[in-house]
Amino acid sequence: MAIKVVLPAHLQTLARVGSEVSLDVDGPVTLRAVLDTLEDRYPVLRGTIRDHGTLKRRPFLRFFACEEDYSLEPPDIELPERVRTGAEPFYIVGAIAGG
Amino acid sequence: MSSVRVLVGTRKGAFVINADGARKNWDIAGPFFGGWELYHLKGSTVDPNRIYASQASGWFGQLIQRSDDGGKTWTAMDNKFAYDGVPGTHQWYDGTPHPWEFKRVWHIEPSLTDPDTAYAGVEDAAMFRTTDGGKSWHELPGLRGHGSGSQWNPGAGGLCLHTIILDPVDAKRMFIAISAAGAFRTDDGGGNWKAINQGLHSQHIPDPKAEVGHCVHRVAQHPSRPNVLFMQKHWDVMRSDNAGDNWSEVSGNLPTDFGFTIDVHAHEPETIYVVPIKSDSEHYPPDGKLRVYRSRSGGNEWEALTKGLPQKDCYVNVLRDAMAVDSLDSCGIYFGTTGGQVYASPDGGDTWNAIARDLPAVLSVEVQTIAS
Numbered sequence: 443m444a445i446k447v448v449l450p451a452h453l454q455t456l457a458r459v460g461s462e463v464s465l466d467v468d469g470p471v472t473l474r475a476v477l478d479t480l481e482d483r484y485p486v487l488r489g490t491i492r493d494h495g496t497l498k499r500r501p502f503l504r505f506f507a508c509e510e511d512y513s514l515e516p517p518d519i520e521l522p523e524r525v526r527t528g529a530e531p532f533y534i535v536g537a538i539a540g541g
Numbered sequence: 079m080s081s082v083r084v085l086v087g088t089r090k091g092a093f094v095i096n097a098d099g100a101r102k103n104w105d106i107a108g109p110f111f112g113g114w115e116l117y118h119l120k121g122s123t124v125d126p127n128r129i130y131a132s133q134a135s136g137w138f139g140q141l142i143q144r145s146d147d148g149g150k151t152w153t154a155m156d157n158k159f160a161y162d163g164v165p166g167t168h169q170w171y172d173g174t175p176h177p178w179e180f181k182r183v184w185h186i187e188p189s190l191t192d193p194d195t196a197y198a199g200v201e202d203a204a205m206f207r208t209t210d211g212g213k214s215w216h217e218l219p220g221l222r223g224h225g226s227g228s229q230w231n232p233g234a235g236g237l238c239l240h241t242i243i244l245d246p247v248d249a250k251r252m253f254i255a256i257s258a259a260g261a262f263r264t265d266d267g268g269g270n271w272k273a274i275n276q277g278l279h280s281q282h283i284p285d286p287k288a289e290v291g292h293c294v295h296r297v298a299q300h301p302s303r304p305n306v307l308f309m310q311k312h313w314d315v316m317r318s319d320n321a322g323d324n325w326s327e328v329s330g331n332l333p334t335d336f337g338f339t340i341d342v343h344a345h346e347p348e349t350i351y352v353v354p355i356k357s358d359s360e361h362y363p364p365d366g367k368l369r370v371y372r373s374r375s376g377g378n379e380w381e382a383l384t385k386g387l388p389q390k391d392c393y394v395n396v397l398r399d400a401m402a403v404d405s406l407d408s409c410g411i412y413f414g415t416t417g418g419q420v421y422a423s424p425d426g427g428d429t430w431n432a433i434a435r436d437l438p439a440v441l442s443v444e445v446q447t448i449a450s
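One line per chain: the protein sequences are A and B, in this order. Per our numbering, the first sequence starts with residue 443, numbered consecutively. Per our numbering, the second sequence starts with residue 79, numbered consecutively.
It cannot be assumed that every hint is accurate.
Stated by the list, open to error - Just some of the chain B residues that point at chain A, by a computed CB distance under 8 angstroms:
1) Lys90
2) Gly113
3) Trp137
4) Thr151
5) Trp152
6) Ala154
These are calculated hints, taken from the structure and not from any lab test. Predicted model, so just to flag it, every value in this text is computed and none were measured. Glycine included, C-beta positions come from ideal geometry on N, C-alpha and C.
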């Protein structure tokens, strides 16, 4: 089942995609698996969402699924069923910052 | 007829400004990468259509872009800048050890002989090199391995390696500068580095004559005299006649010797330019007058260049990488301001015109002289 990921506008431009991308994730649909698959599909996004070395989320980005904030969850947490089934997207959101 | 291409990096994108050799009518293309900080763009002298750009954002980190058609289209290249080995610590603002952390690329210097080779100066201070056109970047670890790295501390803008000069005669010699560590030179292609700060005097550090710790803002060189270097330090304009082994002050009659940028005329190696800024807390020109100062004697004796520049109520800054020169017969001088203006002088600084007035704050200006 393909899952949907919504990217912030600047990353859509960078990856040359629309607002929503569709990904086939192998195995359990965890936070880490979604981001790994996304970066494999669009290598230009490497380093823009997670730090290259530590794979830690960049501080001004947040992750949301089914109206829940997954930003501080461990990377191996499984995403909600409605995201896993493609009924709802997984959101990568740029923090509102800058005044 | 030759033409010029001005590469402008701003807080919110890049602009490419073109004109023919008359330099009267300017065409502004951009913004490219709108919304992103473009700390620096620079073209290869070997292949002027090859341009590298440092694109960064507080949200999404660092990207490197490359153009192979003179800035019309761009491709994102590798953006992984991994320090070699265990990076260790430098001094933090309060004097405590702080881990080395990559933040952004401040300056990209393309090779003088190979368009696929370029050097990147980064924050926290280190030097990286690509030899495959930006597809991968690798640190030259000898610089951080100089032995003084634990004593380097960040300037107000961060611990940034902002100046890279590739010696046009000796391919193994390079000069770099770091705020706030000082200037360094390698004579073996980047394996080993020597601090070249003798003669610098910085009153704001514990030992004003320390080997390292000086807030060097920019260094410039004329290619015909590679042993002569000019430096705008935090305070003081300096000169070296022996490749940085010793420096002497040439601030002379400048109204203030604080500033960020310094550059050399394309055809007159003793003609240099600075933009005096009132102080390190007041980042604007003295008396609200934007004046470029020119010395035709390699320093000490300076004249104010004002024709075409605002002489009242002007409170912009000119940052370290925001001045450049073209190499047309009548040397053109260019600089950008934090107020979004880009000024050009087609006559070595005698007269100035704004070729762009309302860009985002300008971070860097480079000029390419394109042969017809």
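TODO: May I ask you to test the interface hint for Thr151 of chain B with respect to chain A, counting a Cβ-Cβ separation under 8 angstroms as satisfied?
DONE: Status violated, d = 12 angstroms.
Task: chain A contact restraint for Trp137 of chain B - C-beta distance below 8 angstroms - done: holds (4 angstroms)
Task: Lys90 of chain B as an interface hint toward chain A, with CB separation required under 8 angstroms - done: Since chain A brings no Cβ nearer than about 11 angstroms to Lys90 of chain B, farther than 8 angstroms, the hint is violated.
Task: Hint check, Trp152 of chain B versus chain A [nearest Cβ-Cβ separation less than 8 angstroms] - done: violated (11 angstroms)
Open item on the list: Given Ala154 of chain B as an interface hint, is its Cβ closer than 8 angstroms to any Cβ of chain A?
Closed with: holds (5 angstroms)
Task: Given hint Gly113 of chain B near chain A, where the shortest CB pair must fall under 8 angstroms - done: holds (6 angstroms)
In summary, the numbered hints that this structure violates are 1, 4, 5.
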